[in-house]
Each structure stands twice: as structure tokens, then as C-alpha cells.
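Top to bottom, those sequences are chains A and B. Reading the first sequence from the start, the letters are residues 1 to 201 in the working numbering. Reading the second sequence from the start, the letters are residues 1 to 201 in the working numbering.
Just to be clear, a hint being listed does not mean it is correct.
[To be verified] The following label-pair restraints were derived from C-beta to C-beta distances:
id	chain 1	residue 1	chain 2	residue 2	range
1	B	P114	A	R148	47 to 57 Å
2	A	L199	B	G152	51 to 61 Å
3	A	G166	B	D98	36 to 46 Å
4	B	F156	A	L199	50 to 60 Å
5	B	F156	A	R117	49 to 59 Å
6	B	Q178	A	P38	19 to 29 Å
7	B	R151	A	R117	54 to 64 Å
8	A	T111	B	T136	27 to 37 Å
9	A	R19	B	R95	33 to 43 Å
10	A	N82	B	A2	37 to 47 Å
11	B	E141	A	P198	36 to 46 Å
12	A	L195	B	G152	49 to 59 Å
13	B	F156	A	Q100	26 to 36 Å
14	A	R117	B	D98	22 to 32 Å
[Unchecked claim] Covered, in the sense of this in silico footprint (three residues per stretch, anywhere, with C-beta under 8 Å from a C-beta of chain B), are these stretches of chain A:
id	stretch
15	75-89
16	95-107
17	161-171
The hints are simulated quantities; they were obtained by calculation from the structure and are not laboratory data. For glycine and all other residues, C-beta sits at the position ideal for the given N, C-alpha and C.
There are 2 protein chains.
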Amino acid sequence: MAKVLLATRNQKKLGELHRILVAAEVEGIEVLGLADVPEFPDAPETGATFEENALAKARDAVLATGLPVVADDSGLAVDALNGMPGVLSARWAGRHGDDQANLDLLLGQLTDVPDERRGAAFVCVAALSLPDGTQTAVRGEWRGTITREGRGDNGFGYDPIFVPEGGTLTSAELTPEQKDAHSHRGKALRLLVPLLAPLAG
Amino acid sequence: MAKVLLATRNQKKLGELHRILVAAEVEGIEVLGLADVPEFPDAPETGATFEENALAKARDAVLATGLPVVADDSGLAVDALNGMPGVLSARWAGRHGDDQANLDLLLGQLTDVPDERRGAAFVCVAALSLPDGTQTAVRGEWRGTITREGRGDNGFGYDPIFVPEGGTLTSAELTPEQKDAHSHRGKALRLLVPLLAPLAG
């Protein structure tokens, strides 16, 4: 069975790509995570764009493992913050990966921002890098608005304060399947399916 | 002597406008601050731009006092943050006016941003609003780069982490006179001088 490495340690992202491949009836691909391959140095994400970071992450992982690699970089682009936190979403409060601190800071910054200017988009860029040097990056977006307090326990990151367009629930109140169907990451990963299918064996 | 109200409680801003009028040899104008007039309700700064906030602040103060009013809105526009903190500069860490928290947060957010992408500009929009309804807004900018740690005790806000173009000192290491000569606020206020001079009497 052909192996594809998803360059993440996040079990939820691994599950999401796996579900998407199953839903697209792509068989014969085993999705590995970073926990399944020998460790290699993580380059810091210093790019100015999601594309730059996702492509760099994918390229580094191909060089280290020789496998086809999918890598993503994603974040929340808030209109009233000119598209930030953007590439800094995971370290918005100044240190890496403290979801609650990031979300509390964002709500604090937007305290005086009125309802009609609380638009935002979750953005995901998924990059596919192949051992032959081929590189592709695709982008998925999910529009919505920022709430005034967090709600819901599903998901991660800014999910509790993001209400997708057309609904009233936050993305942390959706089931994983509902989220996959509409989310930025779901859209981006589905755009990669036609490129992944030929790798199946 | 004609009175002009500078809509601020900040003694440093009052001193700055006073020095600029003296330097421009505008005589016969007494600069008042908000501490010198009866209190009136402060509208929150909810505008999306410096111009919106400065004009609203000036207009409110004219309606409350009947005096010609100068108001400013200013902040730091960081390239790697798409121009933010911008209008949110004074409450970047989520609450209003905690200079040290704002500055520490900004340095934390920029930790992985390399030197060549640490450009920024201090921006000041100064608005003049007259009792006859005339409104004018002018903009001053001061380009520089963001340091990796704070230096200097002069100034306020983000001065300790901003090195103006063409020098090596932070704006908190400059004397008030050196700062006035180049700063965003100095530039904007000087652009108002030709409009203030006719008010002298």
C-alpha cells in the first residue's frame, strides 16, 4: 500500500485526512503522521504567508523521509485585524500553542469592534510535495464571524469563537463530520484528492 | 487670547503641540487640555481607521465645548502584522493603556519574524474641528524597524521597541526635541499649523 506522510503530530488532522480519503473513495493509501517516521529537525515557521510555510514544511519532510508529503498551514484571518492573526494564529498571545490564551487575547482586542465588523475566515493552505520535486499548494477558506465569548468543546484553536456563515453554532459546536464538510481544511484537503489518487497502489 | 482645545489628558501631547506652535512662531493661541474644560462623555474609539477615530473625537469635543478642537489618533503599523496593531495599539494586549503588556505581546508575536521583515511605521492622524463645522484630518508617518527588546525611558507606548529609519537609537532614547522633529505626531501637528495660525488673536 502506498504511504503518504501528513506532516503533523495532530491526531485530529490525521483523522480528518483519513476520513476525507475514505469519503472520496481513494483506497490503497496509508496516511502516516510524524509520529510514524524517524524524527527530523522542525524548521521554524517564519514565512510571511500560509503558502510559504506549508510548502517549506512539506519540502523539509520529503527531504527527510523520501515519502510523498502533505503539509498544511492554517489560521484565522480577522477582517478587523487586517487578516491577522493569520500565519501567527498559533502564537498570537506570544508563545506557541496556548489555544486559550490566543482566543482570550483575540476577544479582548475585538471588545470595541462592533458586530458588523466582526467578519473573519479560517484559511488552510495544503501543500503536496513529491519525491520527484513536484510541489502544489491549494487554499481552502471558511467565512464566518467572531463571537463575543467561546462556546463548544469540539475542535481546537479558535473554533469556540467562530460562527460559520449561514449558521448560529460555533465550529466547536459542530460534529467532526459537519466540520469536515465545510471547513477550510476539509476544502483544501479535498482539492488535493485528485493529486493523491494516482499515488494509490 | 484664542483658545484651542487639544482633546487629550496626556501632558506629553499637550507639551508637544505647545512646543510645535512656539517653534512655528504662532502666537496668541492658548492650548487647553481636557483637564481644563468641564467633563463630557468620551465616545469609545470604535472606528476602523485613525481618521475615523480622530474626526469623531474632535467633533464630539467641539459639540461639548464650542471651542476649536485638535484631536489625534495614532498607533504603530507593523508590516509583518499587516499594519496592526494600528487603531488597536493602545489595547493590543486586550485591555486599554497597559504599555508594557502591549509591547511585550508585540515582541512575542514577532519572535520568529526575521530582521528583514521587521519594518513598521508610527502613524498619527490629527483632526481639526471648528465650531462652524469645518473638519480636516492630516496624517504623519514615521518609518522604522522593531527591535527584539525594549531600550530607553523617554516617550511612551511602543517607543522603546521602535528604531526610526536612519538611526540606531529607539525613539525612547531620543530627547523630546529630537522626537518632535521627526515623529509622526510632530509631522501631523505641523501640517495643522497653517490652519491654526488664522485662529490666533
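Status of the hints after comparison with the structure:
{"no.": "1", "hint": "P114/B - R148/A: 47 to 57 Å", "verdict": "violated, 35 Å"}
{"no.": "2", "hint": "L199/A - G152/B: 51 to 61 Å", "verdict": "holds, 57 Å"}
{"no.": "3", "hint": "G166/A - D98/B: 36 to 46 Å", "verdict": "holds, 38 Å"}
{"no.": "4", "hint": "F156/B - L199/A: 50 to 60 Å", "verdict": "holds, 58 Å"}
{"no.": "5", "hint": "F156/B - R117/A: 49 to 59 Å", "verdict": "violated, 28 Å"}
{"no.": "6", "hint": "Q178/B - P38/A: 19 to 29 Å", "verdict": "violated, 56 Å"}
{"no.": "7", "hint": "R151/B - R117/A: 54 to 64 Å", "verdict": "violated, 36 Å"}
{"no.": "8", "hint": "T111/A - T136/B: 27 to 37 Å", "verdict": "holds, 30 Å"}
{"no.": "9", "hint": "R19/A - R95/B: 33 to 43 Å", "verdict": "holds, 41 Å"}
{"no.": "10", "hint": "N82/A - A2/B: 37 to 47 Å", "verdict": "holds, 40 Å"}
{"no.": "11", "hint": "E141/B - P198/A: 36 to 46 Å", "verdict": "violated, 52 Å"}
{"no.": "12", "hint": "L195/A - G152/B: 49 to 59 Å", "verdict": "holds, 53 Å"}
{"no.": "13", "hint": "F156/B - Q100/A: 26 to 36 Å", "verdict": "holds, 30 Å"}
{"no.": "14", "hint": "R117/A - D98/B: 22 to 32 Å", "verdict": "holds, 24 Å"}
{"no.": "15", "hint": "75-89", "verdict": "holds (count 7)"}
{"no.": "16", "hint": "95-107", "verdict": "holds (count 4)"}
{"no.": "17", "hint": "161-171", "verdict": "violated (count 0)"}
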